[in-house]
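> Letter by letter, the chains look like this.
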Amino acid sequence: DTAVSQTPKYLVTQMGNDKSIKCEQNLGHDTMYWYKQDSKKFLKIMFSYNNKELIINETVPNRFSPKSPDKAHLNLHINSLELGDSAVYFCASSLRTSGGDEQYFGPGTRLTVT
Amino acid sequence: GNSVTQMEGPVTLSEEAFLTINCTYTATGYPSLFWYVQYPGEGLQLLLKATKADDKGSNKGFEATYRKETTSFHLEKGSVQVSDSAVYFCALSEGSGNTGKLIFGQGTTLQVKP
Chain Y
1 DTAVSQTPKY LVTQMGNDKS IKCEQNLGHD TMYWYKQDSK KFLKIMFSYN NKELIINETV
61 PNRFSPKSPD KAHLNLHINS LELGDSAVYF CASSLRTSGG DEQYFGPGTR LTVT
Chain U
115 GNSVTQMEGP VTLSEEAFLT INCTYTATGY PSLFWYVQYP GEGLQLLLKA TKADDKGSNK
175 GFEATYRKET TSFHLEKGSV QVSDSAVYFC ALSEGSGNTG KLIFGQGTTL QVKP
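Just so you know, the protein sequences line up as chains Y and U, in that order. Under this note's numbering, the first sequence has 91 at position 91, and the numbering climbs by one with no breaks. In this note's numbering, each residue's number is its place in the second sequence (first place is 1) plus 114.
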């Protein structure tokens with residue numbers, strides 16, 4: 001059974017389009033995250049939700065809007081896509097927001113904007 | 115702000131060689147420290163962690179000790195295998211605020227040759 005799943009795995013789209021990435025976890029965790037990995041493999045947090053409440057929003061352009069319909073799902077919608085949005089986006093979850101908790105990562109969504 | 119610095123890669127070793135990947139951090143408070151591993155085309159997996167000073171994390175032959183006096187969390191393995199080829203990320207989770215936010219180093223690519 002997949003613990004953290006993301007769809008789609010690959011997303012190729014043109015500048016100016018709007019797209020969504022979906023994430024689901026079946027671990028019963030309270031907290032979910034979105035990370036962006038750039039072409040040099042550097043990882044940076046974008047958002048975090050705890051029990052459907054936004055707790056981290058890291059200076060991300062407001063073209064990015066996360067939505068958590070329930071604590072098992074955290075989706076990422078991106079408006080007016082730009083070339084610089086090309087990256088791999090990872091969803092993750094953890095039991096709580098405690099600093100010592102392990103985060104479980106999804107397989108990633110590779111977004112290519114042309 | 116808090117930050118993590120890892121040694122530059124790529125690191126290329128022969129099978130059965132000794133591995134060290136250096137990691138140092140800057141943080142206020144008492145962060146938890148992690149090593150995550152990313153195999154090609156996959157998401158990140160927790161390799162090991164330590165939540166307080168002098169703790170040693172270990173898993174699959176890898177070890178790292180939380181050294182508060184030198185603000186370091188170096189990863190070591192006595193004898194690497196070809197299957198250890200991956201990107202290794204050192205990370206910290208801030209001790210205060212309890213957001214679960216992970217701050218990653220830039221990643222170190224390890225290539226092990228037969």
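Calculated from the structure, these hints are not laboratory results. Treat the hints loosely; a few may be bogus.
Capping the alpha-carbon separation at 30 Å, the derived lysine-lysine pairs in DSS-like fashion look like this [as the list claims (entries may be wrong)]:
1. Y:LYS41 - U:LYS191
2. Y:LYS9 - U:LYS170
3. Y:LYS19 - U:LYS191
4. Y:LYS41 - U:LYS166
5. Y:LYS41 - Y:LYS67
6. U:LYS215 - Y:LYS19
7. Y:LYS36 - U:LYS191
8. Y:LYS36 - Y:LYS52
9. Y:LYS44 - U:LYS170
10. Y:LYS9 - U:LYS174
11. Y:LYS41 - U:LYS215
12. Y:LYS22 - U:LYS191
13. Y:LYS67 - U:LYS215
14. U:LYS170 - Y:LYS41
15. Y:LYS9 - U:LYS182
16. Y:LYS52 - U:LYS191
17. Y:LYS19 - U:LYS170
18. Y:LYS40 - Y:LYS67
19. U:LYS215 - Y:LYS71
20. Y:LYS19 - Y:LYS40
21. U:LYS182 - Y:LYS44
22. U:LYS174 - Y:LYS52
23. Y:LYS71 - U:LYS182
24. Y:LYS22 - U:LYS215
25. Y:LYS67 - Y:LYS19
Computed far set for chain Y versus chain U, every beta-carbon distance over 12 Å [as the list claims (entries may be wrong)]:
26. LEU11
27. ASN17
28. SER20
29. GLN37
30. ALA72
31. HIS73
32. SER93
33. GLU102
Here are a few chain U residues that face chain Y, going by a calculated C-beta distance under 10 Å [said to hold, decoys possible]:
34. PRO145
35. TYR150
36. LEU160
37. THR165
38. LYS166
39. ASP168
40. SER172
The model shown is predicted, which means the values in this text are computed figures rather than measured ones. Using N, Cα and C, we set each Cβ at its ideal position, and we do this for glycine too.
> Work down the list of hints and note, for each, if the structure agrees.
Hint check:
Note on LYS41 of chain Y and LYS191 of chain U: the hinted pairing holds, with a Cα-Cα distance of about 23 Å set against a maximum of 30 Å. Restraint check for LYS9 of chain Y and LYS170 of chain U: the C-alpha separation of about 36 Å exceeds 30 Å, so the hint is violated. Note on LYS19 of chain Y and LYS191 of chain U: the hinted pairing is violated, with a Cα-Cα distance of about 42 Å set against a maximum of 30 Å. As the CA atoms of LYS41 of chain Y and LYS166 of chain U are separated by approximately 28 Å, the hinted pair is consistent with the 30 Å bound.
A distance of roughly 25 Å separates the Cα atoms of LYS41 of chain Y and LYS67 of chain Y; the hinted pair therefore holds under the 30 Å criterion. Taking the CA atoms of LYS215 of chain U and LYS19 of chain Y, the gap is near 25 Å; set against the 30 Å cutoff, the hint holds. Annotation: proposed proximity of LYS36 of chain Y to LYS191 of chain U holds, straight-line Cα distance about 29 Å (limit 30 Å). For the suggested pair LYS36 of chain Y and LYS52 of chain Y, the alpha carbons sit about 20 Å apart, so the restraint of at most 30 Å is met.
Annotation: proposed proximity of LYS44 of chain Y to LYS170 of chain U holds, straight-line Cα distance about 26 Å (limit 30 Å). About 29 Å separates the Cα atoms of LYS9 of chain Y and LYS174 of chain U, which keeps this hinted pair within 30 Å; it holds. For the proposed pair LYS41 of chain Y and LYS215 of chain U, the alpha carbon gap of about 18 Å is at most 30 Å, so the pair holds. The hinted pair formed by LYS22 of chain Y and LYS191 of chain U fails the criterion: a straight-line CA distance of about 37 Å is larger than 30 Å.
For the hint pairing LYS67 of chain Y with LYS215 of chain U, the CA-to-CA distance comes to about 18 Å; that is within 30 Å, so the pair holds. Distance restraint check for LYS170 of chain U and LYS41 of chain Y: the Cα-Cα separation of roughly 27 Å lies within the 30 Å cut-off, and the hinted pair is therefore satisfied. Pair hint LYS9 of chain Y plus LYS182 of chain U does not hold up; C-alpha atoms about 39 Å apart against a cutoff of 30 Å. About 40 Å separates the Cα atoms of LYS52 of chain Y and LYS191 of chain U, which puts this hinted pair outside 30 Å; it is violated.
At roughly 43 Å between alpha-carbon atoms, LYS19 of chain Y and LYS170 of chain U are farther apart than 30 Å, so this suggested pair is violated. Note on LYS40 of chain Y and LYS67 of chain Y: the hinted pairing holds, with a Cα-Cα distance of about 28 Å set against a maximum of 30 Å. A distance of roughly 17 Å separates the Cα atoms of LYS215 of chain U and LYS71 of chain Y; the hinted pair therefore holds under the 30 Å criterion. Note on LYS19 of chain Y and LYS40 of chain Y: the hinted pairing holds, with a Cα-Cα distance of about 23 Å set against a maximum of 30 Å.
Simply put, LYS182 of chain U and LYS44 of chain Y have alpha-carbon atoms about 24 Å apart, close enough for the 30 Å limit, and the pair holds. Using a Cα cut-off of 30 Å, the hinted pair LYS174 of chain U and LYS52 of chain Y is violated, with the two alpha carbons roughly 35 Å apart. Only pairs whose Cα atoms come within 30 Å are accepted, and LYS71 of chain Y paired with LYS182 of chain U is rejected, the gap being roughly 35 Å. Taking the CA atoms of LYS22 of chain Y and LYS215 of chain U, the gap is near 20 Å; set against the 30 Å cutoff, the hint holds.
The hinted pair formed by LYS67 of chain Y and LYS19 of chain Y meets the criterion: a straight-line CA distance of about 13 Å does not exceed 30 Å. In this structure LEU11 of chain Y is separated from chain U by more than 12 Å, as the shortest Cβ-Cβ distance comes to about 15 Å. Under the 12 Å C-beta cut-off, the non-interface status given to ASN17 of chain Y relative to chain U holds; the minimum distance is some 25 Å. The beta carbon of SER20 of chain Y is kept farther than 12 Å from every beta carbon of chain U, the shortest such distance being approximately 19 Å.
Not every CB of chain U is more than 12 Å from the CB of GLN37 of chain Y (nearest about 9 Å), against its label as outside the interface. With a least CB separation of 17 Å from chain U, ALA72 of chain Y remains clear of the 12 Å interface cut-off, as annotated. Non-interface status of HIS73 of chain Y relative to chain U is upheld: no Cβ of that chain comes within 12 Å, the nearest being about 17 Å off. With 12 Å as the threshold on Cβ separation, the claim that SER93 of chain Y sits away from chain U is violated: the shortest Cβ distance comes to roughly 10 Å.
Distance check on GLU102 of chain Y: its Cβ comes as close as 5 Å (rounded) to a Cβ of chain U, failing to clear the 12 Å threshold; non-interface status is violated. With a cut of 10 Å, the hint placing PRO145 of chain U at the interface with chain Y holds, because the nearest CB-to-CB distance is about 7 Å. For TYR150 of chain U, the interface hint holds, since its Cβ comes within 10 Å of a Cβ in chain Y; the closest pair sits about 8 Å apart. Here the hint on LEU160 of chain U is kept, as its CB sits about 5 Å from the closest CB of chain Y, short of 10 Å.
Annotation: THR165 of chain U was flagged as interfacial toward chain Y, and the flag holds, the nearest CB pair being 4 Å apart, inside 10 Å. Interface restraint check for LYS166 of chain U: the shortest CB-CB distance to chain Y comes to about 9 Å, inside 10 Å, so the restraint holds. With a cut of 10 Å, the hint placing ASP168 of chain U at the interface with chain Y is violated, because the nearest CB-to-CB distance is about 15 Å. At a threshold of 10 Å, the smallest CB-CB gap from SER172 of chain U to chain Y is about 15 Å, leaving the interface hint violated.
Checked against the numbered hints given earlier, this structure breaks hints 2, 3, 12, 15, 16, 17, 22, 23, 29, 32, 33, 39 and 40; the rest are met.
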